[in-house]
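2 protein chains.
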Amino acid sequence: MTTPSAKALVPFVSVDNMMRLIHHIGIQDMLRDLASYIEADFKRWELFDKTPRVASHSDVGVIELMPTSDGEAYGFKYVNGHPKNTSEGLQTVTAFGLLADVYTGYPVLLTEMTILTALRTAATSAMAAKYLAPKGSSTMAMIGNGAQSEFQSLAMQAICGIDTIRLYDKDPAATDKCAANLAHTGLTVVKCATPEEAIEGAHILTTCTADKQNATILTDNMVGAGVHINAIGGDCPGKTELASGILTRSDIFVEYPPQTRVEGEIQQMSPDHPVTELWEVITGAAQGRSGSRQITLFDSVGFAIEDFSALRYVRDKIKDTPFHYDLDLLADPDDPRDVFGMLMRADQS
Amino acid sequence: MTTPSAKALVPFVSVDNMMRLIHHIGIQDMLRDLASYIEADFKRWELFDKTPRVASHSDVGVIELMPTSDGEAYGFKYVNGHPKNTSEGLQTVTAFGLLADVYTGYPVLLTEMTILTALRTAATSAMAAKYLAPKGSSTMAMIGNGAQSEFQSLAMQAICGIDTIRLYDKDPAATDKCAANLAHTGLTVVKCATPEEAIEGAHILTTCTADKQNATILTDNMVGAGVHINAIGGDCPGKTELASGILTRSDIFVEYPPQTRVEGEIQQMSPDHPVTELWEVITGAAQGRSGSRQITLFDSVGFAIEDFSALRYVRDKIKDTPFHYDLDLLADPDDPRDVFGMLMRADQS
Numbered sequence: 001m002t003t004p005s006a007k008a009l010v011p012f013v014s015v016d017n018m019m020r021l022i023h024h025i026g027i028q029d030m031l032r033d034l035a036s037y038i039e040a041d042f043k044r045w046e047l048f049d050k051t052p053r054v055a056s057h058s059d060v061g062v063i064e065l066m067p068t069s070d071g072e073a074y075g076f077k078y079v080n081g082h083p084k085n086t087s088e089g090l091q092t093v094t095a096f097g098l099l100a101d102v103y104t105g106y107p108v109l110l111t112e113m114t115i116l117t118a119l120r121t122a123a124t125s126a127m128a129a130k131y132l133a134p135k136g137s138s139t140m141a142m143i144g145n146g147a148q149s150e151f152q153s154l155a156m157q158a159i160c161g162i163d164t165i166r167l168y169d170k171d172p173a174a175t176d177k178c179a180a181n182l183a184h185t186g187l188t189v190v191k192c193a194t195p196e197e198a199i200e201g202a203h204i205l206t207t208c209t210a211d212k213q214n215a216t217i218l219t220d221n222m223v224g225a226g227v228h229i230n231a232i233g234g235d236c237p238g239k240t241e242l243a244s245g246i247l248t249r250s251d252i253f254v255e256y257p258p259q260t261r262v263e264g265e266i267q268q269m270s271p272d273h274p275v276t277e278l279w280e281v282i283t284g285a286a287q288g289r290s291g292s293r294q295i296t297l298f299d300s301v302g303f304a305i306e307d308f309s310a311l312r313y314v315r316d317k318i319k320d321t322p323f324h325y326d327l328d329l330l331a332d333p334d335d336p337r338d339v340f341g342m343l344m345r346a347d348q349s
Numbered sequence: 001m002t003t004p005s006a007k008a009l010v011p012f013v014s015v016d017n018m019m020r021l022i023h024h025i026g027i028q029d030m031l032r033d034l035a036s037y038i039e040a041d042f043k044r045w046e047l048f049d050k051t052p053r054v055a056s057h058s059d060v061g062v063i064e065l066m067p068t069s070d071g072e073a074y075g076f077k078y079v080n081g082h083p084k085n086t087s088e089g090l091q092t093v094t095a096f097g098l099l100a101d102v103y104t105g106y107p108v109l110l111t112e113m114t115i116l117t118a119l120r121t122a123a124t125s126a127m128a129a130k131y132l133a134p135k136g137s138s139t140m141a142m143i144g145n146g147a148q149s150e151f152q153s154l155a156m157q158a159i160c161g162i163d164t165i166r167l168y169d170k171d172p173a174a175t176d177k178c179a180a181n182l183a184h185t186g187l188t189v190v191k192c193a194t195p196e197e198a199i200e201g202a203h204i205l206t207t208c209t210a211d212k213q214n215a216t217i218l219t220d221n222m223v224g225a226g227v228h229i230n231a232i233g234g235d236c237p238g239k240t241e242l243a244s245g246i247l248t249r250s251d252i253f254v255e256y257p258p259q260t261r262v263e264g265e266i267q268q269m270s271p272d273h274p275v276t277e278l279w280e281v282i283t284g285a286a287q288g289r290s291g292s293r294q295i296t297l298f299d300s301v302g303f304a305i306e307d308f309s310a311l312r313y314v315r316d317k318i319k320d321t322p323f324h325y326d327l328d329l330l331a332d333p334d335d336p337r338d339v340f341g342m343l344m345r346a347d348q349s
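Residue numbers (full-length UniProt numbering), protein chains in the order written: chain V, 1 to 349; chain E, 1 to 349.
None of the hints are false.
The list treats identical chains as one, so a pair stands whether inside a single copy or across any two.
With a cut-off of at most 27 Å between alpha-carbon atoms, the simulated BS3-like pairs for lysine-lysine come out as follows: (1) K50 <-> K317; (2) K7 <-> K319; (3) K170 <-> K84; (4) K319 <-> K43; (5) K7 <-> K84; (6) K170 <-> K191; (7) K84 <-> K50; (8) K130 <-> K50; (9) K135 <-> K191; (10) K130 <-> K43; (11) K130 <-> K191.
Don't read these hints as lab results, they were simulated from the structure. Please read these numbers as outputs of a predicted model, since none were measured by experiment.
All chains, please: the whole structure from these sequences, using the hints.
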């Protein structure tokens, strides 16, 4: 019938093609690459158009849009969060994203982001740990062994040199799943029966549980001096994982304070509780880890710029690969003022 | 390789399939149907989650996200506005949209919306005119003969009984294009050399020009008693089409005041200039046209609920048609916690 021009076509990366792309690059290389892209964008943090995510809440979950722009490219992610979905055989979180050209407003990439978000979240955690975790860290406790746990473990291995993962989940089946998935990765994996056992000897404590209510995955007395806490499970109002006493004793690093104060662990604290923005650590404007007994806490909720970095990366990497195909998403009449004529001619051809 | 489950697949309507769908239904029937869906949603206006569009501005244009929800479905539209695009052979406006299930957060429809927006904008204008234009209106002046002009003309014909269109554009080629496109529609089309000539005897004055700066397409002395003005070209800060004197003499109807006060014709007026919300006219809570000498003005900027109605309509209409295909957009592992395992298994199959 009609043959759309190249301008009207948007490259699309399906779930299947995203998996192929990851295997083509190698998951550890891809985690390292993503961390580099994210780090590069954190270094130019100030030039981004930033806004807290635009959320639509219901009784059972939330649907969010996360837009940002660096002035040349514009990206956004659609993401839902429905903790009850798992019990119905569905994903708690699904996502897709789009990158567009600011100069024309035309989209240039549409991609699945359920898997890509798992990778960018892990890459962000490891990138932060590179600046904040104790020097020579080799052991991570992984509390919560759901969909994010393997990605966290591999990113900490690839980027921070972690060689041992101590797993704990209140559901032993989740721990078994995670341990089996990490079996041939070169990591030493230890299954633990309690959170206390999991954190024994760990330099990095990663919490990533899906509890919706304010929970206390880590109590104050569990956290000793000198560790780095990577708290990624608290990501919406009413959802936290750490005892407030831990927050009081920690130096807290965040992505974007207006969003973190609503969604992160620090929603438990006063609105002016001191935090350091991670991008300032990366540019050198603020100090990261300052001593061996300091407790550092990355209160991560996920920010649009990390998705933007991941979209940039996918756009760059799919070039000259077969891992995408074109969608006829944009109308492109020969005469831009003649949308109607294009429509009428389509009926005759 | 992997075969995604039905839950992971999202029906997609391409530009080509949208054009087929329109011809399958018939453009006039589709405009009438869309007006009905929009009217139904305006009747239940209060239950929608409403927010002004989320805009990212640059020197040359704007990219916007327009989300809304009725509690059962969630919809958003991506749309750009780049007036300079036309001179580069590109569309000023391109758009696509998504509908999702609020209960699961899973997308259920992805569709082109460049053409669909043209239809919903025209259907909204005609739906408003049904309530606001003088009884027995038969003639419309169409000032600005760009991409929206034919859709406006056909919607006013289908929904309000307009039989004569008087065209004016500062570029005669645009008028020629519009007149040629309307040649076999049953409308009497009159090409006019000046705006003054175009409005002679017209009951409805539609302005839809693409000028970026504050322009005066209609001056105060051009607008006599008893007409309905359908002002759709003013849709961003700094872009207006009407002399402020016209606004002073008109009863002004708007979609969503927080957005219209920034983007519409009333950005020229004080922030508390009286306006009536269109949905209140439709429910009967407020009066529409009250007399034969009244000037009514629909200061339309386009609102997310209109796109939501259009998305609902497309979702309903593509069922049992071939005008869509499935996109592998959502990861759907057998075990929702095992995204990593799905990824690893994809490499072996």
